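S.K.: Guided by the hints, dock chain B onto chain A, whose structure is given.
Number of protein chains: 2
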Amino acid sequence: MIDMRPLKSLISLEQAHEILFNNLKICEETERIPLLELSNRVSAEEIKAEFNVPPFRRAAMDGYAVKASSTFQATDSNPIYLECIEEIHAGDVPTKSIDETQCMEIATGAMLPDSADCVVPVEYTNREKNKIEILKGFAPHSNVSQEGVDIHRGEIVIPQEVVFTPARIGVLAALNRKDALVYRKVKVAVIPTGREIAPLGSELKPGQVYDINTYTLTTLIAQHGGEPVVYDLVEDSFEALESVILDAVTKTDIVVIGGGSSVGERDINVDIIEKHGTVLFHGIQIRPGKPTLCGKIQDIMILNLPGYPTSCLTNGYINLLPVLRKMSHLPPVTKRKIQVKLAKKIVSRLGRHQIFTVMVNDEYAFPAYKESGAITSMALADGYIEIPDNCDLIDKNEIVEVTLF
Amino acid sequence: MIDMRPLKSLISLEQAHEILFNNLKICEETERIPLLELSNRVSAEEIKAEFNVPPFRRAAMDGYAVKASSTFQATDSNPIYLECIEEIHAGDVPTKSIDETQCMEIATGAMLPDSADCVVPVEYTNREKNKIEILKGFAPHSNVSQEGVDIHRGEIVIPQEVVFTPARIGVLAALNRKDALVYRKVKVAVIPTGREIAPLGSELKPGQVYDINTYTLTTLIAQHGGEPVVYDLVEDSFEALESVILDAVTKTDIVVIGGGSSVGERDINVDIIEKHGTVLFHGIQIRPGKPTLCGKIQDIMILNLPGYPTSCLTNGYINLLPVLRKMSHLPPVTKRKIQVKLAKKIVSRLGRHQIFTVMVNDEYAFPAYKESGAITSMALADGYIEIPDNCDLIDKNEIVEVTLF
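Residue numbers (the working numbering), protein chains in the order written: chain A, 53 to 457; chain B, 53 to 457.
Where chains are identical, the list cannot tell them apart; a pair therefore holds if satisfied intra-copy or between any two copies.
Here are the simulated DMTMM-like cross-link-like pairs (lysine to aspartate or glutamate), alpha carbons at most 20 Å apart as the crow flies:
no.	residue 1	residue 2
1	Lys-378	Glu-97
2	Lys-422	Asp-169
3	Lys-387	Glu-415
4	Lys-230	Asp-284
5	Lys-348	Glu-70
6	Lys-239	Glu-89
7	Lys-389	Glu-450
8	Lys-257	Asp-144
9	Lys-230	Glu-255
10	Lys-389	Glu-453
11	Lys-422	Glu-199
12	Lys-257	Glu-139
13	Lys-257	Glu-102
These aren't lab readings, by the way, just hints derived from the structure by calculation.
None of these values were measured; they are calculated from a predicted model.
If we strip away everything but chain A, and leave its shape as in the complex, we get:
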């Protein structure tokens, strides 16, 4: 007899999230990673500057290094003339010193001579051999980057807990750092199960479908900074699943089982979690994904997602991702939302928070949802609308908010 124990009591999605967040374990282990691999990793240390950037005063424009005071009287109609005594390319060190009658040609980024305090941009000059005509007066420090204007020694340039962007990686390069300390990736065990599931490449037996969840979950986890640890398809016997789950809790930070959480599948995973740990919840008022099961064994969270592919992946987005990102020190996903009209009436079920996938076209949302087993419900969708548990119908042409994938 199939043990169809009904789900005891469904909890709301908000309650499920509260339990998930109260029970997850944030990964505090760190590793050192070279600059070019730092994108999207999270800083595990506060980084201070050990020297000024730039480490010298430099020209911020192409032009002429001068003493500002020598230009004060200059105008278009009444230019002043200075003698150019040196040219300074970027990377050069000035060798001479200027007085009030002199200047040096200088390139953007080049070191300003100590004797100058200003750069007259080339647009405000004319040149005849070494005689430079200055057409405008400039205040001291004009067009000069002071030493340390970008970064001053001792400044915190990278706080802890920030995500590395190209610009932040550039800051490390400016400071001659070759690597940074980041939190290591969260290891996520992905355990596929279900007697109806066939591994890719095998011949389908009657009654079987190919393994979808391993591929959707693994790529989703990797996209969001996790390190998937994929197990082979497990036969759904107590002994086989128990052995794999107990192995996974010693090797990974969170265990995700795709399938086997439904009441018709003999609740093996509930029994395994109860034997070795604690069941935190079983059943969420959400569709698709009602039978989601969560527990803990030895401080490691077990998230058992429903086996039906859309239920599984929807729960991957709705429940696994927030947990994974929090464990990884990553900020919550920024959801992009748009408001469009509904192209077709949707009937929902009172008491069930429904996630309904839609395609968006010409300001209208069209249903993409087929059934919770249909992976194309998500592959074809641009996003989803959420129908709260106190709503049983959304009419055609009503404005809905679509969360884009």
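M.R.: Coordinates of chain B only, in the frame set by chain A:
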């Protein structure tokens, strides 16, 4: 003498984009990539289903497989009774056949027996040994997933030119595909140059700063699906740059030079491009980033970004990314924009489209911009505002639109 040829004529950002898009070469070469590496790659073929998914009729709920007609009269107060003659787990093949007085216990996902056309969910039943009480009538096909409801044979499941998401990768798994044909990554040469630039790990000589642009550009390119090909720092002589650029145009799809585009840097790159190809533009009415230079050698685009780090990276975002993504068949970046108040007056320059980095805090945008050389201008920023060329001032408390990084 530093050859300070002024930029001939600046073009608008819109004109620059038009030239860039008219001259880029979309990569049409393809490669076969395994499922688990397909995330964010672009499909180069239309994929059709070779079989139905699911390949058989299956139960969409846990319950009892019946002939619907045998339940028509059932109500809460007037239940009917059926004999359960078999149990079908997911993955099982039914062995018996039911008549109007019989049913089979069935699990979600399990194959429906040919003799049944409906599943009565377990919630609407009671059981005593093999006698099943049915409390509600159901129409034919209720709670049954028909063969092919998810994917029907011959259907196009993945069109050409779509980006692979976890759900689309799941569709390939459902169809027993182990890989897919995608466009290969666009190879982007990154050539650092400038006499003032020191490679990371070296001792800074007076007048030098560390190489930032290689790191910001390389990580930006990789984040957006490109394959960076990083060259060693090139001495800024005509011969050295010519040799590296000519090498890069034979090995990569687009060449990005960080530095050496400014008028003070002797226009070597302009001369090299003119000798071997065509200059498309030199100078954009944008700040930072005015001296950006674009040309073509042997059909390969050369994009010479200004050497100052913020100018370089800003142009990476504004000019390189749209080109790279288009070459890669990737859709334009979805920009997230928010509207906030400006915390402090900003003065701009008429005739110059200004990109001004800001930090966002408590509904206010605070200037993050220091100078075009300051990499911290971008590292600390949450996004940027654009000040059009016909605007010279935005006042405190004005509403501005921030494009978030």
